[in-house]
Amino acid sequence: MKYLIVLIILFSLITAGCNNNNEIDFNQLVDSLVKAEKTMNSKELVTTTATSSSSSDGIINFRIMVEDRLTNEQAKELVFDFYDEIERGITDLNLFRKSYQINFDIKSEKDGEIIYKGQRNEGEEQIWWQF
1 MKYLIVLIIL FSLITAGCNN NNEIDFNQLV DSLVKAEKTM NSKELVTTTA TSSSSSDGII
61 NFRIMVEDRL TNEQAKELVF DFYDEIERGI TDLNLFRKSY QINFDIKSEK DGEIIYKGQR
121 NEGEEQIWWQ F
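So in the numbering used here, spot 18 of the sequence shown is number 18, and the numbers just go up one at a time.
Among the hints, a few may not be true.
Stated by the list, open to error - Calculated pairs, DSS-like style, for lysine-lysine (alpha carbon to alpha carbon, straight line, at most 30 Å):
| hint | residue 1 | residue 2 |
| --- | --- | --- |
| 1 | Lys38 | Lys76 |
| 2 | Lys107 | Lys35 |
| 3 | Lys35 | Lys76 |
| 4 | Lys98 | Lys110 |
| 5 | Lys117 | Lys76 |
| 6 | Lys107 | Lys76 |
| 7 | Lys38 | Lys98 |
| 8 | Lys76 | Lys98 |
| 9 | Lys38 | Lys107 |
| 10 | Lys38 | Lys110 |
| 11 | Lys117 | Lys43 |
| 12 | Lys38 | Lys117 |
| 13 | Lys117 | Lys35 |
| 14 | Lys107 | Lys43 |
| 15 | Lys98 | Lys35 |
| 16 | Lys117 | Lys98 |
| 17 | Lys43 | Lys76 |
| 18 | Lys110 | Lys76 |
| 19 | Lys43 | Lys98 |
| 20 | Lys35 | Lys110 |
| 21 | Lys110 | Lys43 |
Derived by calculation from the structure, the hints in this document are not laboratory data.
Please read all numbers here as calculations on a predicted model, not as lab measurements.
Could you put the whole structure together from the sequences, leaning on the hints where they help?
What follows is the structure in structure tokens.
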């Protein structure tokens with residue numbers, strides 16, 4: 001009986017030690033997105049933001065609404081700020097960057113047009129823009 005208990009304990013320790021969790025905690029991701037939205041909504045150029053995400057398809061979408069038109073530099077600054085805010089709440093950035101594609105757009109409230117959009121693909125640092 002003692003040997004059986006010892007074997008079960010050893011087996012539990014070995015399997016727990018070998019358990020390599022290669023997934024981002026979805027609750028952590030959601031919390032990070034909510035905090036990023038709150039921070040972005042406090043910025044002068046931003047009227048509102050919205051995000052959606054799915055752990056099953058590995059895609060995060062976010063939209064930044066602005067009052068009117070922006071320069072390319074203003075748009076880049078807003079998107080980089082949003083990325084930074086999202087990543088600030090993630091503990092394993094490498095895994096996060098490998099696991100999620102991030103799509104974004106910036107929409108003008110004045111005329112309802114999407115004025116910028118782009119994405120960062122899984123495993124890449126580079127952001128692809130469509131101006």
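Evaluated hints:
no.	hint	verdict
1	Lys38 with Lys76	19 Å, holds
2	Lys107 with Lys35	21 Å, holds
3	Lys35 with Lys76	20 Å, holds
4	Lys98 with Lys110	36 Å, violated
5	Lys117 with Lys76	10 Å, holds
6	Lys107 with Lys76	14 Å, holds
7	Lys38 with Lys98	25 Å, holds
8	Lys76 with Lys98	22 Å, holds
9	Lys38 with Lys107	18 Å, holds
10	Lys38 with Lys110	22 Å, holds
11	Lys117 with Lys43	19 Å, holds
12	Lys38 with Lys117	21 Å, holds
13	Lys117 with Lys35	22 Å, holds
14	Lys107 with Lys43	15 Å, holds
15	Lys98 with Lys35	22 Å, holds
16	Lys117 with Lys98	21 Å, holds
17	Lys43 with Lys76	14 Å, holds
18	Lys110 with Lys76	20 Å, holds
19	Lys43 with Lys98	29 Å, holds
20	Lys35 with Lys110	26 Å, holds
21	Lys110 with Lys43	18 Å, holds
Of the hints listed earlier, the one the structure fails to meet is number 4.
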